[in-house]
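**Q** What follows is the residue order along each chain.
Number of protein chains: 4
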Amino acid sequence: MAKILVLNGSSRENGNTEQLTDVMLEGVSCTRINIRDFLIQPIVDKRHDPAGFTKVDDDYDRIIELVRQHDVLVFATPIYWYGMSGHMKQFIDRWSQSLRDTRFSFKEEMKKKKGFVVICGGDDPYIKGLPLIQQFQYIFQFMGLEYIGYMIGEGNAPGDVLRDERAIGQAKYWNQFFRSL
Amino acid sequence: MAKILVLNGSSRENGNTEQLTDVMLEGVSCTRINIRDFLIQPIVDKRHDPAGFTKVDDDYDRIIELVRQHDVLVFATPIYWYGMSGHMKQFIDRWSQSLRDTRFSFKEEMKKKKGFVVICGGDDPYIKGLPLIQQFQYIFQFMGLEYIGYMIGEGNAPGDVLRDERAIGQAKYWNQFFRSL
Amino acid sequence: MAKILVLNGSSRENGNTEQLTDVMLEGVSCTRINIRDFLIQPIVDKRHDPAGFTKVDDDYDRIIELVRQHDVLVFATPIYWYGMSGHMKQFIDRWSQSLRDTRFSFKEEMKKKKGFVVICGGDDPYIKGLPLIQQFQYIFQFMGLEYIGYMIGEGNAPGDVLRDERAIGQAKYWNQFFRSL
Amino acid sequence: MAKILVLNGSSRENGNTEQLTDVMLEGVSCTRINIRDFLIQPIVDKRHDPAGFTKVDDDYDRIIELVRQHDVLVFATPIYWYGMSGHMKQFIDRWSQSLRDTRFSFKEEMKKKKGFVVICGGDDPYIKGLPLIQQFQYIFQFMGLEYIGYMIGEGNAPGDVLRDERAIGQAKYWNQFFRSL
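Those protein sequences? They're chains A, B, C and D, same order as listed. Position 31 (the first sequence) corresponds to 31 in my numbering; numbering is contiguous. Converting from the second sequence to my numbering requires adding 1000 to each position, the first position being numbered 1. Converting from the third sequence to my numbering requires adding 2000 to each position, the first position being numbered 1. Converting from the fourth sequence to my numbering requires adding 3000 to each position, the first position being numbered 1.
Extracted from the complex, chain A is given alone in its bound form (with noise of 0.2 Å):
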């Protein structure tokens, strides 16, 4: 059975991002953090720096540890501003960091797994959601995850999303595709 992790970017609890995923994963099991919980300090590329990237004294390592433990990722972000959540940004900005650490090898580990999105937002997110679809794309790509699909879900205020009939139709379809893995 794929071990499951859903990484939630959102920086507020049991809003629609989180809603709309646990619809989509009623009676799977897995893994839940919120990225929020986690203190990740911003990336400082030091790629080209002859001493290289220094040990950064924070929470990035214990959600590294998370990942690497699992087969799927799904990454759950409200869309702020058309993009990620700044929370999920610095975290996904340290993988840089993680590329050249040399305990173990990042891209062959992800390479292995596969990775799922889902995006909520309030400004017609079905249409400007998706150049955030298109990044998670070239993201996955870059890193060799499969890309499974995503989900896109309609909401402002909490609770919202649980009336976007057209997101929980879609969740649905996916709640028997990860019933399924």
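Just to be clear, a hint being listed does not mean it is correct.
What the hints assert, rightly or not - Beyond 10 Å from chain B on every Cβ pair, some chain A residues (computed):
id, residue
1, Gly52
2, Leu66
3, Val67
4, Asp71
5, Ser105
6, Lys111
7, Leu130
8, Ser180
Unchecked claim - Each computed BS3-like pair below joins lysine-lysine, with the alpha-carbon atoms no more than 30 Å apart:
id, chain 1, residue 1, chain 2, residue 2
9, C, Lys2114, C, Lys2046
10, B, Lys1111, C, Lys2111
11, C, Lys2172, B, Lys1107
12, A, Lys172, C, Lys2046
13, B, Lys1114, D, Lys3172
14, B, Lys1172, D, Lys3114
Keep in mind the hints are simulated off the structure, nothing from the lab. Don't be surprised by glycine CBs; every beta carbon is placed ideally from N, CA and C.
Given the structure of chain A, go ahead and fit chains B, C and D onto it with the hints provided.
**A** Below, chains B, C and D alone, put in the same frame as chain A:
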């Protein structure tokens, strides 16, 4: 004469984005800041919290004060993972808080300004940077900022972009433009 | 009750696009045409010719008459080379001529209508079909058509799409929507 | 020396796309054709018809012969309705037939070539032309064509683009590039 503010989203000094922006603004009077030099807390989305947003003790307001004092905002960011840097994203995410700020009307002020985008990346930026260009379109549209234009450069190691003649050609065109403002 | 017109851009009978559209509109009263059954001459751009557009002797006006008589336009096209079919493109290109037609105000009439898009393709359509979805956004925006939504299906050989449960799930959601119009 | 073929998709003579391409290729030896001067029948998708594609009596093969004899293909098209012209789309749609042609291996030959894209439009082409740039990415990727680059110009009435200094600047950069091939 238009007052120009460059918001640099890079995590390192003297990177390609900064170098390309320097060519573009050679001889042009402007204010430049590195977002990384300011402490910016991540947004906590309280749009639907009855108590509203909580005052955050960091340097965000200092940047916003600069934003308010300028007419043209140049968003200069390296392409990290096919998007703007986490530093810049954290900053823009906080705009949601400014939209609720009662001390001034953020949206009213912003819609009198103009925006410009400079992005640099190492992995096929002229194609894979396009979702980011489109994201800024939606950001500017939402805020009512006029989208003057954008510039893309290619480079990994610092200095690379100065050898990207396609980018330098564009930078010279825009230099004329900014000199004429 | 809204009058619905399906404009099918496929070059073959009973292809995936048609099948998916059929599921979507099951039990919904609508008019369906295959653009390939009409002779549509390519546009000759005479917007800046003092003599204006020349009358073209083909079936274009017959489709436009149908368009004018309906409230909702469903653009259903296979993804050919990551875009709409040439048949459909030739038809839409001719709209430039209709915009100069003095017999009626094409734009005034169109902006009271709504648009919907169905696309099917074989090569990763959920990702590689997104530029086409964005193109329709700009087309509808220009004409003032409300963009109701879109639906993507996967399939090469006829019948494939009926096994794409992700698409069929969407089709059922939209079926409810169209029944309620 | 690389042999360059310009495939012009415009429906009118001496339009902006043609003018911009002329600046780009000034002094560069190349073959230029207007697709509109050739009779190209629309594709009839017979990929899944047991009898296969039917021979079509038109000028398509004449263009394909030219394509085969050149190393670099410049796709120059006005932006009609936020996509390539119907003329060019009809031509590219027929590639599906060439892929089944047993007289030669279309894909094998194409993947040794390189592609370049020139697009011109009147409605915010630097932003609203981006889906078309992305579409060509997928077309080239599928065929194995190397995507050299692209150029965007702004203009409605013929001659407009010659006053778009942003485009002319790019054209001059690419002129150096094509002279060096």
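**Q** Does each hint fit the structure? Answer for all of them.
**A** Hints and how they fare:
1. Gly52: Per Cβ check, A/Gly52 is outside 10 Å of chain B; nearest 13 Å; holds.
2. Leu66: holds (19 Å)
3. Val67: Per Cβ check, A/Val67 is outside 10 Å of chain B; nearest 15 Å; holds.
4. Asp71: Holds: least Cβ distance 21 Å, greater than 10 Å.
5. Ser105: At roughly 19 Å from the nearest Cβ of chain B, A/Ser105 sits farther out than 10 Å, so the non-interface label holds.
6. Lys111: Answer for A/Lys111: holds, closest chain B Cβ roughly 16 Å.
7. Leu130: violated (8 Å)
8. Ser180: Answer for A/Ser180: holds, closest chain B Cβ roughly 30 Å.
9. C/Lys2114 with C/Lys2046: Answer holds: C/Lys2114 to C/Lys2046 is near 28 Å, not above 30 Å.
10. B/Lys1111 with C/Lys2111: holds (27 Å)
11. C/Lys2172 with B/Lys1107: Violated - the C-alpha atoms of B/Lys1107 and C/Lys2172 are around 40 Å apart, more than 30 Å.
12. A/Lys172 with C/Lys2046: violated (51 Å)
13. B/Lys1114 with D/Lys3172: With Cα atoms ~28 Å apart, B/Lys1114 and D/Lys3172 stay inside 30 Å; holds.
14. B/Lys1172 with D/Lys3114: Answer holds: B/Lys1172 to D/Lys3114 is near 28 Å, not above 30 Å.
The earlier numbered hints that this structure contradicts are 7, 11 and 12.
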